[in-house]
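Trainee: Here is what each chain is made of, one letter per residue.
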Amino acid sequence: MIFHDIIVVGGGLAGLRAAIAAKMNGVDVAVISKLHPVRSHSGAAQGGINAALANNPEGKDDTPERHAYDTIKGSDFLADQEAAFIMTSTAPEIIREMEHWGCPFSRFEDGSVAQRPFGGAGFPRTCYGADRTGHYLLQTLFEQCVKHQVKIMEEWFVLGLSIDDNRTCRGVVCLDLHNGNLEMVGANAVIFATGGSGRMYGTKTSNALTSTGLGIAMPFWAGVPIKDIEFVQFHPTTLFKNNVLMTEGCRGEGGYLINKDGERYMGRYVSEKVMELGPRDIVSRSTQTEIEEGRGVEGKYVYLDLRHLGAQKIMERLPGIREICIDFIGIDPIEEPIPIVPGMHYTMGGIDCDQDGKTEVPGFYAAGECACVSVHGANRLGGNSLLETVVFGRRSGEDASKYVKDKEKKAQESALKKSLEEVKGQLNTIGGGNGKENPYEIRDELGDVMVKHFGIFRTGEEMKEGLEKLNGLIERFKKIRPIDNCKAWNFDKLWIMELAGNLCLTECIALGALNRTESRGAHFRRDFSKRDDANWLKHTLYRHTPEGPQIGYKEVQLGRFEPEERKY
Amino acid sequence: MAYLKIFRYDPSGGVEPHFKRYELPPEKGMTILEALFWILENKDPSLAFRCSCREAVCGSCAVHINGEYRLACKTQVDPLGEEITIRPLTHLPIFKDLVVDMKPFFDQYEKIKPYLMPKEEPPESKEYFQSVKDRKKIDSLVDCILCGACYGSCPVAMGDPDYLGPHALLKALRFVQDTRDGAKTERLAIVATEHGVFRCHTIFNCQKVCPKDLDPTGAIAKLKMKSIGFKLKSMFGFARSAG
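So the sequence lines, in the order shown, correspond to chains Z and R. Counting from 1, one number per residue, gives the positions in the first sequence under this note's numbering. Counting from 1, one number per residue, gives the positions in the second sequence under this note's numbering.
Where hints are given, some of them may not hold.
[Stated by the list, open to error] Listed below are the simulated PhoX-like cross-link pairs for lysine-lysine, each with C-alpha atoms no more than 20 Å apart in a straight line:
| id | chain 1 | residue 1 | chain 2 | residue 2 |
| --- | --- | --- | --- | --- |
| 1 | R | Lys113 | Z | Lys151 |
| 2 | R | Lys74 | Z | Lys151 |
| 3 | R | Lys111 | R | Lys5 |
| 4 | R | Lys184 | R | Lys233 |
| 5 | Z | Lys313 | R | Lys136 |
| 6 | R | Lys103 | Z | Lys147 |
| 7 | Z | Lys241 | R | Lys74 |
| 8 | Z | Lys358 | Z | Lys313 |
| 9 | Z | Lys436 | Z | Lys478 |
| 10 | R | Lys119 | Z | Lys147 |
| 11 | Z | Lys479 | Z | Lys424 |
| 12 | R | Lys212 | Z | Lys487 |
| 13 | Z | Lys436 | Z | Lys479 |
| 14 | Z | Lys151 | Z | Lys241 |
| 15 | R | Lys113 | Z | Lys147 |
| 16 | Z | Lys436 | R | Lys43 |
| 17 | Z | Lys313 | R | Lys133 |
| 18 | R | Lys184 | Z | Lys147 |
| 19 | R | Lys137 | R | Lys28 |
| 20 | Z | Lys479 | Z | Lys358 |
| 21 | R | Lys136 | R | Lys184 |
| 22 | R | Lys28 | Z | Lys300 |
| 23 | Z | Lys60 | R | Lys126 |
| 24 | R | Lys5 | R | Lys113 |
| 25 | Z | Lys358 | Z | Lys402 |
| 26 | R | Lys113 | R | Lys184 |
| 27 | Z | Lys410 | Z | Lys151 |
| 28 | Z | Lys405 | Z | Lys358 |
| 29 | Z | Lys151 | R | Lys103 |
| 30 | Z | Lys147 | R | Lys111 |
| 31 | Z | Lys241 | R | Lys28 |
| 32 | R | Lys136 | Z | Lys479 |
| 33 | Z | Lys260 | Z | Lys300 |
| 34 | R | Lys137 | Z | Lys313 |
| 35 | R | Lys74 | R | Lys137 |
| 36 | Z | Lys417 | Z | Lys405 |
| 37 | Z | Lys487 | Z | Lys424 |
| 38 | R | Lys103 | R | Lys119 |
| 39 | R | Lys184 | R | Lys212 |
For the record, the hints were derived by calculation from the structure and aren't laboratory data. None of these values were measured; they are calculated from a predicted model.
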C-alpha cells in the first residue's frame with residue numbers, strides 16, 4: 001500500500017506551498033491532485049497579493065497593522081483577529097520569499113516590487129505581476145517543487161478521507177484516473193488544499209469548471225465540521241457573457257464602472273474618495289441594484305470602462321484582461337467598455353481550522369480557499385486570497401511536519417479499508433442504480449437555484465423556496481442514470497462526484513443563510529438588512545448527521561479592534 | 001448544422017483508434033470545449049478530454065482542431081465550417097481519446113532546471129531589486145501556460161524524442177535573461193547540444209500556434225546566439241589553458 005508521512009490534496013498555491021514546507025523539513029510528502037499542478041485555478045488569479053511592503057510612495061506609511069485593520073473591517077468583523085494579524089504580519093516576508101524564488105513581479109522604477117491600489121484597502125498594497133499574478137506565483141511554486149523534487153501524483157482524484165475510530169486521520173481513498181482503480185493512500189497527516197467551490201453556482205461563477213464543493217464535502221462527510229459557508233462572495237466584475245474574471249486591478253488602475261446613462265454610479269453608494277474601490281460585497285450590491293432598478297445596459301449588465309487609461313497602460317498593466325476580452329467577446333478594452341455583471345467568486349467559509357490549518361481531527365489539516373481559518377470573515381478583500389494560500393499553506397505544512405515526526409511510518413490498513421468500502425458503497429449508491437435522471441441537468445438547475453435564491457440579495461421567503469427546490473434536486477440526484485462504466489479516464493464519474501459535493505455544500509449554504517437573520521458582509525438579507533452583533537457576532541458551524549447538516553456556533557476571536565459600523 | 005469528428009481510442013477498454021462523428025445542437029457562440037461537454041453530457045459519457053479554467057490560462061485543453069493546435073476553450077465552433085475534426089496532441093502517447101501522456105513534455109521541461117538559481121544570497125528583509133528595464137527582458141517569456149500546442153506542432157519533436165522542445169527552451173531563456181539568475185553558463189550548457197537549440201530548424205510552427213502569442217522560435221534563435229558565444233568562449237578558454 002502506498003504510504004507517505006504527509007499527503008497534500010490539491011496542487012494549487014496552498015497545496016504546493018504546504019508540500020514545499022514539509023519537503024524542506026525533510027518529511028516524506030506527496031501531493032495528490034486531480035489536475036497537473038500548473039492547471040490549478042490559483043493560476044487564474046489576476047490582480048495581486050497584499051502585503052504592507054510600503055514600496056508605493058502613496059503607501060509609505062502602510063503597516064501590517066493597517067492591513068489587518070482593513071482585512072477585519074472588510075470582513076464585517078467576523079474574521080478572527082489574531083489570525084488576520086498573523087496573515088498580514090507574515091505578508092511582507094512571504095512576498096519576498098516568493099520573489100527570491102523567482103516570481104516575476106512587476107517593478108517600480110527603483111526596482112522594488114510594484115504595488116497597486118485595491119478595494120477596501122487604506123493604502124496601495126497589492127503586489128502584482130501585470131494581471132497574471134496567480135500564474136506567476138503558481139509557476140514559481142511549481143518550479144520550486146521541481147527543484148526540491150516534491151513527489152506529485154497527478155490526475156488522481158481523491159474520493160474519501162479516512163478517519164479511524166479514535167478520530168485520527170489515516171489517509172485518503174482515491175480514484176487513479178489513469179486506470180480507474182480505487183487506491184488507498186496511507187498517511188499520518190493529510191492537508192486538504194482543494195480550492196474553491198464556485199461551480200455550485202453553475203456557470204455564473206468566475207471559478208474553473210473543476211472548482212467544486214467536493215473538497216469541502218468530503219471531510220464534512222467524514223465528520224469534520226465546516227464553518228461560515230453561507231458567506232459567498234460575488235465579484236463585482238465578471239464578463240457578461242461567460243463570467244470570466246475581470247480583475248479588481250482594472251479599477252485599481254483607475255477603471256470606471258458606468259451604467260447605461262454613462263454615469264459613474266458608485267458615487268451613489270460610497271464616498272467620492274472611494275468610488276470604484278469599495279469592498280467587493282458593496283460594489284457587487286451596488287452594481288446589482290443599478291441593473292435591478294433599470295439602469296443596466298439592455299437591463300442586463302453595466303460597463304467596466306478602461307478607455308481613459310490609454311493603450312499603453314492597458315497593454316502594460318492589464319494585458320491579460322485585454323486578451324480575454326478580445327478572445328472571448330471580441331471587444332478591445334482600449335476602444336470599447338467591457339460589459340460586466342457580478343458573478344460568484346469565492347467561498348469565505350470552508351473546513352473549520354485554526355491558524356496552523358489544524359482541524360478538530362488530529363492529523364487532518366486544511367489550507368487555502370477550502371479552509372476557513374477565518375481571516376476573511378463575512379467578506380474577503382481582493383488580494384487577500386493569494387496571500388492566505390501561501391501564508392497558511394506554509395503554516396499547515398510546518399505544523400504537519402512536526403505532527404508526523406514521531407509517528408510510526410506505516411499505513412493503518414483497517415481504517416483505510418473501511419474508508420475504501422465506504423467510497424465503493426457511495427459510488428454504488430450514486431451511480432449504480434437504474435434511474436433515468438440526467439445528472440448534468442440537475443447540475444444546471446442547481447446553479448440556477450443558487451443564483452436566484454442564494455445570490456447577492458437574499459430574503460427568507462426566497463431562500464425557503466430555494467431550499468425546497470434544492471431538496472427536490474437532491475431527491476432527483478438519487479435517481480440518476482448509471483455512471484458510465486469505462487475504466488480509465490472516466491470523466492463522467494468525476495463530474496458526477498463533483499456534483500454530489502456541490503449538492504452537499506449548497507444544502508449547508510441554504511440552511512445557514514436562512515438561519516442567519518441579519519446582514520453581514522456578503523450575506524445580505526432584504527428582510528434583515530442590518531448587522532446584528534448582539535445575536536450574530538459568531539461563526540456558524542455545520543456538522544454532518546444522517547438527518548442532514550446540523551447547525552451550531554463558534555465564538556469570533558476579537559481582541560484588537562472593537563466592531564464598528566462599516567463605512568466607506 | 002455542425003459535426004464534430006472526434007478521435008476515439010481506449011487501450012484499456014479494447015477500443016481501437018477510430019473517428020466518431022457527433023452532430024452538435026444549433027447553438028450560437030459555442031466553443032469547442034462546450035461542444036465536447038455537450039457530447040459527454042448528452043451523447044457519450046465515455047468521451048475523455050481535459051479541461052479546467054475555460055479561460056485560456058490553465059493550458060489543459062490543447063488539442064488538434066481542423067489541422068491546427070489550439071485551446072478548445074477559446075476556439076469557436078461557428079467559423080470552423082460544417083465538419084470539425086478533433087485529435088489529441090501529437091508526439092505524446094495517447095492515454096484515451098483526447099487525453100495524452102504529458103510526462104515526456106514535462107520531463108523535457110525539467111531538464112533545463114526550470115527554477116531560479118540566484119546569483120547571490122537574497123538580501124535580508126528586501127526583495128532582489130530588478131529595474132523596470134531588466135524586468136522587461138523576461139516579458140512574455142514568463143507567460144507560457146505549458147499547454148503543449150507548440151510541442152505538438154513541432155516536426156523536430158516528432159523526429160527526436162530527446163529534443164528539449166520549444167516549451168522547455170522558452171523557459172530556459174526566461175532564466176537566462178533574468179538578471180536575478182546566476183546559472184547562465186550551466187543552462188546554456190544544457191541547451192547548447194544536438195538535442196537542444198541546434199536541433200531546431202526554425203520552422204516557426206511553435207510561434208504560429210502558441211495560444212498566448214508567445215514566440216518560442218525567437219527565443220530559440222536568441223538562445224542559439226548566446227550558445228554560440230558560450231561555445232566559443234569555452235573553446236577559447238580551453239585553448240588558452242592548454243597553451
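Trainee: Checking one constraint from the list: CA of Lys136 of chain R to CA of Lys184 of chain R, max 20 Å. Satisfied?
Mentor: holds (18 Å)
Trainee: Are the Cα positions of Lys151 of chain Z and Lys103 of chain R separated by 20 Å at most?
Mentor: Holds: Lys151 of chain Z and Lys103 of chain R sit about 14 Å apart, inside 20 Å.
Trainee: Between Lys113 of chain R and Lys184 of chain R, is the straight-line Cα distance small enough, at 20 Å or below?
Mentor: OK: Lys113 of chain R and Lys184 of chain R at ~11 Å, within 20 Å.
Trainee: Regarding the pair Lys151 of chain Z and Lys241 of chain Z, is the alpha-carbon distance no greater than 20 Å?
Mentor: Roughly 39 Å between the alpha carbons, so the hint for Lys151 of chain Z and Lys241 of chain Z is violated.
Trainee: Would you mind confirming whether the straight-line C-alpha gap from Lys28 of chain R to Lys300 of chain Z stays at or under 20 Å?
Mentor: holds (19 Å)
Trainee: Mind checking the alpha carbons of Lys74 of chain R and Lys137 of chain R for me, to see if they're no more than 20 Å apart?
Mentor: violated (28 Å)
Trainee: When you check the alpha-carbon spacing of Lys241 of chain Z and Lys74 of chain R, does it fall within 20 Å?
Mentor: holds (13 Å)
Trainee: Are Lys60 of chain Z and Lys126 of chain R close enough, with their CA atoms no more than 20 Å apart?
Mentor: With a Cα-Cα distance of about 15 Å, the restraint between Lys60 of chain Z and Lys126 of chain R holds, given a limit of 20 Å.
Trainee: Does the alpha-carbon distance linking Lys436 of chain Z and Lys479 of chain Z stay inside the 20 Å limit?
Mentor: holds (6 Å)
Trainee: Verify the proposed pairing of Lys313 of chain Z with Lys136 of chain R, using a straight-line Cα cut of 20 Å.
Mentor: Holds. Lys313 of chain Z to Lys136 of chain R sits at ~15 Å (cutoff 20 Å).
Trainee: Straight-line Cα separation of Lys417 of chain Z and Lys405 of chain Z no greater than 20 Å?
Mentor: At roughly 24 Å apart (the allowed maximum being 20 Å), Lys405 of chain Z and Lys417 of chain Z break the hint.
Trainee: Please work out if Lys358 of chain Z and Lys313 of chain Z have their alpha carbons no farther apart than 20 Å.
Mentor: It is violated: about 43 Å lies between the C-alpha atoms, which goes past 20 Å.
When the structure is compared with the earlier hints, violations turn up for hints 2, 3, 8, 12, 14, 19, 20, 24, 32, 35, 36, 38 and 39 and for no others.
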